[in-house]
Amino acid sequence: MKKLVLLTILAVSLAFGSVAWAKDPSAVLVVTGQLGDKSFNDSANRGVQGLKAAGWNIKVIEIGRDQTKWEPTFMDLSESGDWDLIITNGSNAIETVQEVSKEFPEQKFVLYDSEIEKGKYPNVYAISYKQNEGSYVAGALAALVTTSKMEGANEEKVIGFIGGMQHPVITDFLVGYIEGAKAVEPEIKVIVSYIGSWDDTAKGKEVAMAQFQQGADIVFPAAEQAGLGCVEAAKELGKYIIGVDSDQSMLFKGTDEASANTILTSVLKNVDKSLVRAGQLYTEGKLPFGDFESLGIKEDGAGIAYNEYYEKNVPAEIREKVELAREDVVAGKVAITSALGTATEVTDAIINSVKP
Amino acid sequence: MDSIGFDLVAFAFSTIRVMTPLLFASMACMIFTKGGIDSIATEGIMLMCALAGAVGAWMFKSAFGGLMFGMCIGVFLSFTFGYVTLTLKANPVLAGIALNILAGGLTIFIIYYLTGEKGSTQSLATPVLPSLDIPVLKDMPTLGRIISGHNVLTYVSLIMVAALHFFLYKTRSGLRMRTVGENPHAAESVGLSVMKYKYLSLFIAGSLAGLGGAFMSLGYVSFFSKNMIAGRGFIGMAAESMGQGVPGGVLLATLLFSVADALSVRLQLMSMPPELMQLLPYLVTIVAIAVYSYHREKKKERRQQTD
Numbered sequence: 137m138k139k140l141v142l143l144t145i146l147a148v149s150l151a152f153g154s155v156a157w158a159k160d161p162s163a164v165l166v167v168t169g170q171l172g173d174k175s176f177n178d179s180a181n182r183g184v185q186g187l188k189a190a191g192w193n194i195k196v197i198e199i200g201r202d203q204t205k206w207e208p209t210f211m212d213l214s215e216s217g218d219w220d221l222i223i224t225n226g227s228n229a230i231e232t233v234q235e236v237s238k239e240f241p242e243q244k245f246v247l248y249d250s251e252i253e254k255g256k257y258p259n260v261y262a263i264s265y266k267q268n269e270g271s272y273v274a275g276a277l278a279a280l281v282t283t284s285k286m287e288g289a290n291e292e293k294v295i296g297f298i299g300g301m302q303h304p305v306i307t308d309f310l311v312g313y314i315e316g317a318k319a320v321e322p323e324i325k326v327i328v329s330y331i332g333s334w335d336d337t338a339k340g341k342e343v344a345m346a347q348f349q350q351g352a353d354i355v356f357p358a359a360e361q362a363g364l365g366c367v368e369a370a371k372e373l374g375k376y377i378i379g380v381d382s383d384q385s386m387l388f389k390g391t392d393e394a395s396a397n398t399i400l401t402s403v404l405k406n407v408d409k410s411l412v413r414a415g416q417l418y419t420e421g422k423l424p425f426g427d428f429e430s431l432g433i434k435e436d437g438a439g440i441a442y443n444e445y446y447e448k449n450v451p452a453e454i455r456e457k458v459e460l461a462r463e464d465v466v467a468g469k470v471a472i473t474s475a476l477g478t479a480t481e482v483t484d485a486i487i488n489s490v491k492p
Numbered sequence: 002m003d004s005i006g007f008d009l010v011a012f013a014f015s016t017i018r019v020m021t022p023l024l025f026a027s028m029a030c031m032i033f034t035k036g037g038i039d040s041i042a043t044e045g046i047m048l049m050c051a052l053a054g055a056v057g058a059w060m061f062k063s064a065f066g067g068l069m070f071g072m073c074i075g076v077f078l079s080f081t082f083g084y085v086t087l088t089l090k091a092n093p094v095l096a097g098i099a100l101n102i103l104a105g106g107l108t109i110f111i112i113y114y115l116t117g118e119k120g121s122t123q124s125l126a127t128p129v130l131p132s133l134d135i136p137v138l139k140d141m142p143t144l145g146r147i148i149s150g151h152n153v154l155t156y157v158s159l160i161m162v163a164a165l166h167f168f169l170y171k172t173r174s175g176l177r178m179r180t181v182g183e184n185p186h187a188a189e190s191v192g193l194s195v196m197k198y199k200y201l202s203l204f205i206a207g208s209l210a211g212l213g214g215a216f217m218s219l220g221y222v223s224f225f226s227k228n229m230i231a232g233r234g235f236i237g238m239a240a241e242s243m244g245q246g247v248p249g250g251v252l253l254a255t256l257l258f259s260v261a262d263a264l265s266v267r268l269q270l271m272s273m274p275p276e277l278m279q280l281l282p283y284l285v286t287i288v289a290i291a292v293y294s295y296h297r298e299k300k301k302e303r304r305q306q307t308d
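Order-wise, the sequence lines are chains A and B. Sequence positions in the first sequence follow this note's numbering and run 137 to 492. Sequence positions in the second sequence follow this note's numbering and run 2 to 308.
One or more of the hints may lead you astray.
What the hints assert, rightly or not - Here are the simulated lysine-lysine pairs, DSS-like style, with alpha carbons at most 25 Å apart:
| hint | chain 1 | residue 1 | chain 2 | residue 2 |
| --- | --- | --- | --- | --- |
| 1 | A | Lys434 | A | Lys469 |
| 2 | A | Lys389 | B | Lys62 |
| 3 | A | Lys188 | A | Lys409 |
| 4 | A | Lys371 | B | Lys62 |
Stated by the list, open to error - Coverage of chain B stretches by chain A, computed from C-beta distances (three or more under 8 Å per stretch; other residues unrestricted):
| hint | segment |
| --- | --- |
| 5 | 8-16 |
| 6 | 111-119 |
| 7 | 217-227 |
| 8 | 272-280 |
To be verified - Pulled from the structure, derived: some chain A residues nowhere near chain B, Cβ distances all over 12 Å:
| hint | residue |
| --- | --- |
| 9 | Ala189 |
| 10 | Ala190 |
| 11 | Trp192 |
| 12 | Asp212 |
| 13 | Glu215 |
| 14 | Ile230 |
| 15 | Glu231 |
| 16 | Glu251 |
| 17 | Lys254 |
| 18 | Ser284 |
| 19 | Ala289 |
| 20 | Leu417 |
| 21 | Tyr442 |
| 22 | Tyr446 |
| 23 | Glu463 |
Derived by calculation from the structure, the hints in this document are not laboratory data. We put the beta carbon where it would ideally sit given N, CA and C, even for glycine.
Chain A on its own, in the form it takes in the complex (with noise of 0.2 Å):
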């Protein structure tokens, strides 16, 4: 008797259950890596924390750096049917996920910063960004300042980019960054190092002190965590940075103004607000599975940061100029080259280009 009571109160509590679960959609961000890189991560954290407060059923599992439990957490996650989507980072996830998504057709995967062969795995939505086009309004802003009269400004126009590692992904931010500059100064020169690693913020200034004592006045570190080191290279030497990812100037706000006033603008990968469309249209039941989706400046997927510290330090004039260069964007005035799914040929006669 005692028996059929409590699976009687099983029974009811899971039809309940099941019943609660299909009202409120949900999703789990599984963070490859850590939060609070102040910059990709927490901007996707940011992104489902929007679709939480939109009534989702949202839970963030952080899972580092070992690869090697990343597919037993995928697996795990989509063997329990607890999550309508899992939303992950395919930068690093991609093949993990891909692997995964075919044994669990029902599970539904959301990629964000990757792009995946259409058609092959219909259970997966990824989102790539066009971090070209934030790039090009950004080596634009790059080009105008080291020819300018600002403080930090000197007179060779050279500019510089910091990788973390060489990645596809990086090479496209460096192409828009070269292509955005040449536009506005021909005889533009970029210098290009890489740290080598995501992570050590003591070798990202080094490299960037380098690279000022080579004649940058103005540089773009691509470099996650390490790039923060950059930032620090350039609050000692009086020069200039432009963030990445997420809106870097005001992350310092308030605890470290020098830092915050050397960051010009930011690139900006507007993850958070690509994850919050992806659940929009998943709830209307638009989402695109099996396909991917590239989100430029125009669908607000990617762009520079306008802050009050890119309205206190870049004069009223530059500003304009770079206004003009991101309507050139959004209008579709200018072809910028994608360093996505194009040969390494093209992109390193980009690079070659305006090597010093």
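Guided by the hints, dock chain B onto chain A, whose structure is given.
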């Protein structure tokens, strides 16, 4: 200055800056090894000390306070490692790996607890250790620009090499510590307290790792960020064995690594392919170790022939 020219002064200056944390790491590894203790935990100890340095500086509102706090944590962790491996007889490699992994996670936990962020301690206002201009040297034309103006810990690290040489080879405690490290049974048979000298080496090595870690967050940059040691403890281990465990040799090996590292940064600016340049420090390691083993084997052969 020609924008594509190689700035030798800047390169030399940066080499010395790159060398500082590596030198503390390799000296710590050297003292660990001299005392017969596995040095694999140096990486983790340095990471914890980097955090301790930043947090200490914030708590005591003084960079020196942070430095002291970092050193204390270094000694504490080193003693813990010693207690686990010497007294409780745990496998030192496993214990070392455990400490390194623990440090990676615990540091993130602590900064999250203190700042609400998991990446760095930038929101804590931390004073940093000053740079020193050396009175007479700084006015010398080229040398002054290279040697003067470094962080105070850089000079400490160099003085430390000489001090450790003196300690190891000119003092009674140094001799005894080496004896204990080389052959604990022999040391015991002549009435030396093995544990006492092992803990002495743990104390010195822990402080050195503490200084190296604290330099990262109080000198090199002005904050702690996750994983900021980034393998420097392990490079210290490599430099220790390449330098054959003597202060001068370890200094040279560390210098070699630093030159390669600084060069890899500078050469990228000169249109060298970055893929190759990033390989440089590792290439130098392999070549140096190969040359060293070749010489050692040759020497052995010659000795056998003369026997």
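Evaluated hints:
Distance hint between lysine 434 of chain A and lysine 469 of chain A is fulfilled; the C-alpha atoms sit about 13 Å from each other, no more than 25 Å. With a C-alpha separation of about 21 Å, the suggested pair lysine 389 of chain A and lysine 62 of chain B falls inside the 25 Å cut-off, and the hint holds. Under the criterion of a C-alpha separation no larger than 25 Å, the hint pairing lysine 188 of chain A with lysine 409 of chain A is consistent with the structure, at around 13 Å. With a C-alpha separation of about 21 Å, the suggested pair lysine 371 of chain A and lysine 62 of chain B falls inside the 25 Å cut-off, and the hint holds.
Check on the segment 8-16 of chain B: 3 of its residues sit with their Cβ under 8 Å from a Cβ of chain A, so the three-residue criterion for coverage holds. Given as covered by chain A, the segment 111-119 of chain B passes the check, having 4 residues with a CB less than 8 Å from a CB of that chain where 3 are the minimum. Counting residues of the segment 217-227 of chain B whose beta carbon lies closer than 8 Å to any beta carbon of chain A gives 7, which meets the minimum of three for the stated coverage. Beta-carbon proximity to chain A at under 8 Å applies to 4 residues in the segment 272-280 of chain B; the threshold of 3 is reached and the given coverage holds.
No beta-carbon of chain B comes within 12 Å of the beta-carbon of alanine 189 of chain A; the shortest separation is about 19 Å. Distance to chain B confirms alanine 190 of chain A as a non-interface residue, since its nearest Cβ pair spans about 24 Å, more than 12 Å. With a least beta-carbon separation of about 23 Å from chain B, tryptophan 192 of chain A lies farther than 12 Å from that chain, consistent with its non-interface assignment. Every Cβ of chain B is farther than 12 Å from the Cβ of aspartate 212 of chain A; the closest lies at roughly 20 Å, confirming the non-interface assignment.
Every Cβ of chain B is farther than 12 Å from the Cβ of glutamate 215 of chain A; the closest lies at roughly 26 Å, confirming the non-interface assignment. The beta carbon of isoleucine 230 of chain A is kept farther than 12 Å from every beta carbon of chain B, the shortest such distance being approximately 23 Å. Glutamate 231 of chain A, annotated as away from the interface, keeps every beta carbon of chain B farther than 12 Å; the closest lies near 22 Å. The beta carbon of glutamate 251 of chain A is kept farther than 12 Å from every beta carbon of chain B, the shortest such distance being approximately 24 Å.
Every beta carbon of chain B lies more than 12 Å from that of lysine 254 of chain A, the smallest distance being close to 31 Å; the non-interface claim holds. At roughly 18 Å from the closest C-beta of chain B, the C-beta of serine 284 of chain A stays outside 12 Å, upholding its exclusion from the interface. In this structure alanine 289 of chain A is separated from chain B by more than 12 Å, as the shortest Cβ-Cβ distance comes to about 15 Å. The claim that leucine 417 of chain A is not at the interface with chain B holds, since no C-beta of that chain comes within 12 Å of its own (minimum 30 Å).
At roughly 23 Å, the least C-beta separation between tyrosine 442 of chain A and chain B is larger than 12 Å, which holds for a residue marked as non-interface. The beta carbon of tyrosine 446 of chain A sits about 20 Å from the closest Cβ of chain B, which is more than 12 Å, so the claim that it is off the interface holds. Separation of glutamate 463 of chain A from chain B is adequate, the least Cβ-Cβ distance of about 33 Å exceeding the 12 Å criterion.
Violated hints for the displayed structure: none, as all numbered hints are satisfied.
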